[in-house]
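Engineer: All chains should be modelled from the sequences, with the hints used to inform the complete structure.
As they're listed, the protein sequences go chains A and B. Quick note, the first sequence lines up with residues 1 to 377 if you use the numbering used here. Quick note, the second sequence lines up with residues 1001 to 1475 if you use the numbering used here.
Note that these hints are calculated values from the structure, not bench results. Fair warning: there could be bad hints in the mix.
Partner residues are not named here, just some residues of chain A that face chain B (Cβ under 7 Å, in silico) [stated by the list, open to error]:
#1 Ile226
#2 Met227
#3 Ile230
Below, a list of computed lysine-lysine pairs in the BS3-like style, where the Cα atoms sit at most 27 Å apart [to be verified]:
#4 B:Lys1250 - A:Lys13
#5 A:Lys274 - A:Lys166
#6 A:Lys6 - B:Lys1022
#7 A:Lys35 - A:Lys200
#8 B:Lys1368 - B:Lys1351
#9 A:Lys274 - A:Lys144
#10 B:Lys1185 - B:Lys1156
#11 B:Lys1331 - B:Lys1250
#12 B:Lys1250 - A:Lys6
Using N, Cα and C, we set each Cβ at its ideal position, and we do this for glycine too.
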Amino acid sequence: MMSDIKWWRLLLKTMILFAIFNFILTPLLMDGIEKISIYNRVVPGRLRFPFGEDPNRSYNLSLFSLDASFASHVVSDPGGPSDAYRVFVFGDSSLWGTLLRPEETLVGQLNALDLETENGSPIRFFNLGYPTLSLTKDLMLLEKGLEYEPDLIVWLVTLESFPQHKQYTSPIVSHNYRAVRELILEYDLDLDPDHEEFIKPGYWDSTLIGQRRNLADIFRLQVYGIMWGITRIDQHYPESYEPAQRDLDPDPSFYQWEEGEMETSDLAYSILKKADQVAEDVPILIVNEPILISRGANSDIRYNFYYPIWAYDQYRRDMQNLSSRLDWNYVDLWDLVLEDEFTNSAIHLTPRGESILAEEVSEGILDLLNSSMPVEE
Amino acid sequence: MTIHDVIVLIGLSLFLGWVTRKGQRKNLLLLGSSLVFYWLQPSLPLRYLSFWLPTATFFLVILSWVCTSSYQQRWERETIQTAGFMTLIILMVGLTRYLGLGNLFATLYPPRLLRVVVFLLVTLGVIAILLRKETFSNAALWGLFSFFLLLFVILKTPYFAQMASRMWRYVVDQAPGLARAEDIKWLGFSYLTFRILHTIRDRIKGRLSESSLKEYLIYTLFFPAISAGPIDRIGHFLRELPEDQRSFEKDIIQGGRRLVIGLFKKFVVADTLSMIALGPENVSQIQSTGGAWILLYAFTLQIFFDFSGYTDMAIGLARFMNISLPENFNKPYRRQNLTQFWNNWHMTLTKWIRSYFFYPLTRALRSKGTFSVFGVLLITQISTMMLIGLWHGVSLGFVIWGLWHGIGLLVQNRWSTFFKSRLSKLELPSKLDPWLGGVGTFLTFHYVALGWVWFVTPHLSQGWEVMMWLLGVVS
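Structural biologist: If you want it as structure tokens, here you go:
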């Protein structure tokens, strides 16, 4: 029986099948595959984007597929109150909630306030923060998020997201070359659409072999969804952590710039300027998020590990000027939270710090709503 | 074992399968198995131990052979050749320290050659002395048997393992305070011990198959079955060892099919299930009864696919080399009662325990006549299952797991005895048989699954907590 096997026919059939899967089916079906998700159907949607380097403990992982990330997020849940006023909150790791449980984050605390619009619609907040510092990353997620029909966008920013060179280095940006390039070209952003940091995919990258890592990540995300559903854990919470630096180096520089050297064009204000265009008719509230103002050594030179005083003050002045000039909805909450309410970074807050911030942000949102809601006649 | 390890082993098995058909079969199988023993030995934080443990394995195997073989066999020319061959292998691996072949055996860094030579001289001296002894008394053989048991207990008991690690650290001048029970990972020691104990016991009973040193070494060290069994008997293995008439092509197809099944079970199914399986780290994260059952089902299936996947791979690799290893699993979760489950789960282990513990103990207790049938059953079932539990490690969790199954077997035995005759009198329609079988399978599966709780959780309180979640007692 065994000798009846025609090895060359077996090999040929195998090769043909492999070629069909590798070269034809995967490139054709990949977009659809990325949107298939057990979240919001079999298990609850995640309350923040998938992100993590320790999946065995956090039941979470970092992946580059925007479709898969959104599909796993509660924002894509077709259920929920249909009359809810949907507020999408974008930002960095401080918004995402490093070291915080979902209910302790800014968005968790905003939702706990049970806010309503003037006409009685419940306001539902969605945490669309992603733990890297880049305005381009935020804008990319914002544009994608529009597919999920926000009524209002809140965008938390900090100076560290602004330097031009940081716009490309976030892995989720550099691995989403096509999406970012389209964004740059469509809105004429002051960014290089072919920057060397981009991972530019070729045809081979769209094949089964090229997509193996992406597919494995998407599959693992679904499996970890079961653990998310069971435990509601999406982050590893260490028993202790290294607190943010309070005693600072006597270094007055911010990246390559000394005082007086940093030009407005060195920072990506242009991205904020285009946000209105990207969001079309959805109002945006920009919030300068709180930072740690250290009282330790050399706190006369720097506010914290990230920022020398001159650079941050210059940034705040620029933001104030731009918001007045361009009529942005802008709230500067940089010094809202006291030093004790920061955890392992100059922008990461304790649950109490987030609660203080939530109170203040909610006021800003309600003010904005009251001023922009159409008056019923 | 990682997928990379398996790929290398596939290549090696195919190569050996092909080349051993042309001659030098036993020498090449011994060489391959010995080198794989060094190569697969996990890296250890204890200096030089990842070299010494495989080396000690070879010595222990030779020692066991000397004690269990006949005087005539010991002095055959092939014995000296094999001993020389093993010495050469040890020396060659020892020399990798000087030859810049660190990548060859990435996990081990051999000690200075002088120490290796001294070790070899001492061990060869010991063996030479033992070789002169015409025969070994049963007392001496029981002493050897106990020595292996003692070594086994030391390695499987966290307290003793930590103490052993501390002592080794003293010897090699490492910080003793850093000693941990997990420091000593001896590749394949559990399975090796079972194979050796079986030969010693059979030698005492006078029913041990004759084997040369080379054959004995291949049997104990055979690399496909190092890390996860199955536990073959020497008689069966020796019958498989000479090349039969099966074609290489046939072996590739049959072995390859089994290997692919094993790879799929282990690296696709089991590894995926492991992401959501009950484990010590997620016990305290359970928030609902449904969640607890999902974790438990995932573990129940994961342990089966993992273990039986390894068995399939071992059987497939061995088949490439024209050797048939015994089966270890036969649809255990589809069995209708606990006895059937244990007849089909890790079959080579249960057969071993039955032959060398359960039956002798049952015979001994019955012969005394002081125990009732129930008393004998109670003692034998529970002690047998606790022994199987302890084989996995000396901890309270494994004891309770063994106890759980011991009690289950006992209850099932009594239940069957009580109801079988009564049910047959009722003359139930045969249409009901599949339904009754289904109920039996359902109950057996869930009893086994609940037992895994104690197997997984390192602390009793955790096991209890999981049980409460599963039963919906907490919310």
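Engineer: If you check each hint against the structure, which ones fail?
Structural biologist: none
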